[in-house]
Amino acid sequence: MAAKTKFSEYRGWGFGYLALLAGLGLLVLAALGAAWFMEHNGHYVTGMTNQIVWGMPHVFAVFLIVAASGALNVASIGSVFGKTVYKPLSRLSGLLAVALMVGGLAVLVLDLGRPDRLIVAMTTYNFKSIFAWNIYLYTGFFAIVGVYLWVQMERRMNRYATAAGWFAFLWRLILTTGTGSIFGFLVAREAYDAALMAPLFIAMSFSFGLAAFLLVLMFACAGTGRPLGDRILKRMGTLLAVFVAAVLYFTAVQHLTNLYAAEHVGVERFILLEGGVYTTVFWLGQVLLGGLVPLAILLLPGIAGSRTGIALASVLVILGGIAQVYVIIVGGQAYPLVLFPGMEESSSFMDGAPATYAPSLYEIGLGLGGVAFALLMVAVAVKVLAFLPETVADSAVDPHHTDSSAAEPIAAAA
Amino acid sequence: MSGFDFDRRRFLSAATAAAGVVLAPGVTLYGIGAAARELDEPASADIRWGLLIDVNQCTEDCDACVTACNEENGVTGHGRPATDAQWIRKVRVRDPKTGAEKHLPVMCQHCAEPPCVDVCPTGASFKRADGIVLVDKHICIGCRYCMLACPYKARSFIHENLSDQKPYAPRGKGTVESCTMCVHRVDAGGTPACVEACGEDGNGAMLFGDLNDPGSEISRRIATYATHQIRGDLGVDPGVRYQNL
Amino acid sequence: MRALVLLLAVLAIPAAAAAQDGRGFGPVIPKGKGEQCVAETDYMRRFHMTELTHQRDETMQRGVRTKRFSLNECVTCHATTDSAGRPVSINAPGQFCASCHEYAAVTIDCFQCHAAKPGDGGRAGLPSPFPMTAAANPETVQ
Chain A
1 MAAKTKFSEY
11 RGWGFGYLAL
21 LAGLGLLVLA
31 ALGAAWFMEH
41 NGHYVTGMTN
51 QIVWGMPHVF
61 AVFLIVAASG
71 ALNVASIGSV
81 FGKTVYKPLS
91 RLSGLLAVAL
101 MVGGLAVLVL
111 DLGRPDRLIV
121 AMTTYNFKSI
131 FAWNIYLYTG
141 FFAIVGVYLW
151 VQMERRMNRY
161 ATAAGWFAFL
171 WRLILTTGTG
181 SIFGFLVARE
191 AYDAALMAPL
201 FIAMSFSFGL
211 AAFLLVLMFA
221 CAGTGRPLGD
231 RILKRMGTLL
241 AVFVAAVLYF
251 TAVQHLTNLY
261 AAEHVGVERF
271 ILLEGGVYTT
281 VFWLGQVLLG
291 GLVPLAILLL
301 PGIAGSRTGI
311 ALASVLVILG
321 GIAQVYVIIV
331 GGQAYPLVLF
341 PGMEESSSFM
351 DGAPATYAPS
361 LYEIGLGLGG
371 VAFALLMVAV
381 AVKVLAFLPE
391 TVADSAVDPH
401 HTDSSAAEPI
411 AAAA
Chain B
1001 MSGFDFDRRR
1011 FLSAATAAAG
1021 VVLAPGVTLY
1031 GIGAAARELD
1041 EPASADIRWG
1051 LLIDVNQCTE
1061 DCDACVTACN
1071 EENGVTGHGR
1081 PATDAQWIRK
1091 VRVRDPKTGA
1101 EKHLPVMCQH
1111 CAEPPCVDVC
1121 PTGASFKRAD
1131 GIVLVDKHIC
1141 IGCRYCMLAC
1151 PYKARSFIHE
1161 NLSDQKPYAP
1171 RGKGTVESCT
1181 MCVHRVDAGG
1191 TPACVEACGE
1201 DGNGAMLFGD
1211 LNDPGSEISR
1221 RIATYATHQI
1231 RGDLGVDPGV
1241 RYQNL
Chain C
2001 MRALVLLLAV
2011 LAIPAAAAAQ
2021 DGRGFGPVIP
2031 KGKGEQCVAE
2041 TDYMRRFHMT
2051 ELTHQRDETM
2061 QRGVRTKRFS
2071 LNECVTCHAT
2081 TDSAGRPVSI
2091 NAPGQFCASC
2101 HEYAAVTIDC
2111 FQCHAAKPGD
2121 GGRAGLPSPF
2131 PMTAAANPET
2141 VQ
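Protein chains in written order, with the working numbering: chain A, 1 to 414; chain B, 1001 to 1245; chain C, 2001 to 2142.
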């Protein structure tokens, strides 16, 4: 039977841990160097142009922000939907959510044209801008997840955990809606003008966030020598399959509805058929590697539930996720704006021509640095505070666990 | 500090007189701004500045407006077409069915409902009382969301350090910019540089004026002839209109 | 234009001389043209940033074009010329804006965008919206 879960800090100072910190730290330093170089010289040293104004840093930033709200799901399932199995994982889930969010925002800020004016961004608001609302949504996210973690960790406050969990869950839904709407509100861009952006982003966040959480959990348990049960992993693997399927579903709906509206046929042709690199990234990266393959790994009898399988599927979901965000952000901009519907346009400012974009090393470095920073925060935090449960063995976390009931049907929690 | 009061009236009358003399020959051709405001008077919401461009007058080989704009505002390229700023550009529009071609200048369309203003997180993108859409580069953080939102691709991001800017057109790395309708000239009772150059060196295809004043040349022309707003279907109500498109 | 350069050169001599005097302690600040600044010197020393920011918002957002605290005007009066008579950037080391700021460890970004040398306000032959001759300024300040 499930006893009260014990949490503890990671106490080791092994070579592996130090090497991990050093490796992540180096990536962060490289990113800072890249950011400084871009700011110092101006953005012409990047692949970004007046046509592709948001490039690789935004792909990483949006991916991290979307994954952040999704990483919180494990905690939500535990407190909001009362699945006690997930409760031991909720602290790590909250921590990862905050860390990914910080990483994403750092990338976003370091790619601004004037990062030195961050203070302006935080003191001058245009309340009509969905972007400005997002600043509030992000700040609120930190506050709420912070409180949520605190009520979980402070024994006296435990009884508020469910309420805080609910609040955090609702907030993260609004937050992802906000992130999706950043694109959904761009009426002039053929690729983005869709109310479906918000639900699509929510599905994406569930999927990317859980994949990131699974990898971090497996890595943390292996690294700190804490047991991690097969059944609980398998449960989460199945859940991941559901989310991956949801993303595929919404992607299909998005493109099918667009094909139906005559004005959007052009951009659909571009992404689905003629967009060159974007078409490849869409079909190969997003749909096949990021969708169908992980789905197969997670569901096919025989491989389903194996540790390697789940880890591999999670990696693929993350790579496919980056591909998906790339197609949305960069592909959406590459398709030329239509000034005169039905006409051919050309000019010295590249009207009417698909834009090309070749990400520079600096941009990729900055993006990876954001990921590294998020992971570094997690690595340090599990050392100073009791985020990790001492055991996630099936017998310890699952109240219904008996060795003979392994065939019991697995309820996907959402 | 009353001892330091400026004699603005005296300055003003000198400026308008000068403007009158120089602009007089072109008045009927490209219009003239309303009488100059006093220097301490803010832009008025009674006015909506706009442009009317007669596409039939605009020829393929003429780029007087582009040259004049670049000269006036110090917009110089760095030989990198993908990142160099362009405030105004000549667009070739071809009908694939008939092969008919038109050539027209496209710049910031100074929308009444500008999407760039709606999305700007800091309020740096704003519409002045008299309808001119500007970037307050002092609070622009260079996020470029406005560039994504603009239906006209009218905005440029400054990708490098600049030097030797014009005193009345400050520009600098890391901020977004676009056509200002030569706000510094308009405030002094003048017309935008492109309009003036089109009248003097070009084909007189551009007309500048107050869309809110029913008696202005531009309003009368719009009331008489069919005119077109680019992507008028988006409901942003551009202040730049095209005739014979 | 030639007259303007000449005038600037002439005006630069006392400015350079004043700079050479030094003032004992504190930064060496090149002296401005004319008799006085656009407000009492002491007030300018302490509040020029407030006035500039205020002017900035008034001009930028509301289209108010008064000249008194216009940044362009500061440049016209306070920029100096080198020995060859060429204008020097007002924010170059030792020049007017930089002299104090270096001393006070303040950095300003204004001249990344704003012209740091006096110049003509428009294309030749057009009515300059704000005539920017050095001669016009001392007169208006009286």
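Because the hints were derived from the structure by calculation, they are not lab data. As the structure is a prediction and not an experimental result, all values here were calculated from the model. Please note that a few of the clues may not be correct.
Claimed, not checked - Straight-line distance between alpha carbons at most 30 Å, and here's what the computed DSS-like set of lysine-lysine pairs gives: (1) A:128 / A:383; (2) C:2117 / B:1137; (3) B:1127 / B:1097; (4) B:1166 / C:2031; (5) B:1166 / C:2117; (6) A:128 / B:1137; (7) A:4 / A:383; (8) B:1127 / A:128; (9) A:128 / A:6.
What the hints assert, rightly or not - Between beta-carbon pairs, the in silico distance windows are: (10) A:136 / C:2049: 24 to 32 Å; (11) B:1077 / C:2104: 34 to 42 Å; (12) B:1077 / A:312: 42 to 50 Å; (13) A:296 / B:1076: 34 to 42 Å; (14) A:140 / B:1225: 36 to 44 Å; (15) B:1228 / C:2049: 42 to 50 Å; (16) A:140 / B:1097: 50 to 58 Å; (17) A:353 / C:2036: 42 to 50 Å; (18) C:2104 / A:312: 57 to 65 Å; (19) B:1224 / A:260: 24 to 32 Å.
Every residue gets a Cβ at the ideal spot worked out from N, C-alpha and C, and that includes glycine.
So, going through the hints one by one against the coordinates:
1. A:128 / A:383: At roughly 42 Å apart (the allowed maximum being 30 Å), residue 383 of chain A and residue 128 of chain A break the hint.
2. C:2117 / B:1137: holds (20 Å)
3. B:1127 / B:1097: violated (38 Å)
4. B:1166 / C:2031: holds (24 Å)
5. B:1166 / C:2117: Roughly 10 Å separates the two Cα atoms, so the pair holds.
6. A:128 / B:1137: holds (19 Å)
7. A:4 / A:383: holds (21 Å)
8. B:1127 / A:128: Holds. Residue 1127 of chain B to residue 128 of chain A sits at ~14 Å (cutoff 30 Å).
9. A:128 / A:6: Violated - the C-alpha atoms of residue 6 of chain A and residue 128 of chain A are around 47 Å apart, more than 30 Å.
10. A:136 / C:2049: 24 to 32 Å: Since residue 136 of chain A and residue 2049 of chain C have Cβ atoms about 30 Å apart, the given range 24 to 32 Å holds.
11. B:1077 / C:2104: 34 to 42 Å: holds (38 Å)
12. B:1077 / A:312: 42 to 50 Å: holds (49 Å)
13. A:296 / B:1076: 34 to 42 Å: violated (56 Å)
14. A:140 / B:1225: 36 to 44 Å: violated (53 Å)
15. B:1228 / C:2049: 42 to 50 Å: holds (47 Å)
16. A:140 / B:1097: 50 to 58 Å: Holds - the Cβ-Cβ distance for residue 140 of chain A and residue 1097 of chain B, about 53 Å, lies within 50 to 58 Å.
17. A:353 / C:2036: 42 to 50 Å: violated (58 Å)
18. C:2104 / A:312: 57 to 65 Å: holds (60 Å)
19. B:1224 / A:260: 24 to 32 Å: Distance hint for residue 1224 of chain B, residue 260 of chain A is violated at roughly 41 Å.
Of the hints listed earlier, those the structure fails to meet are numbers 1, 3, 9, 13, 14, 17, 19, in rising order.
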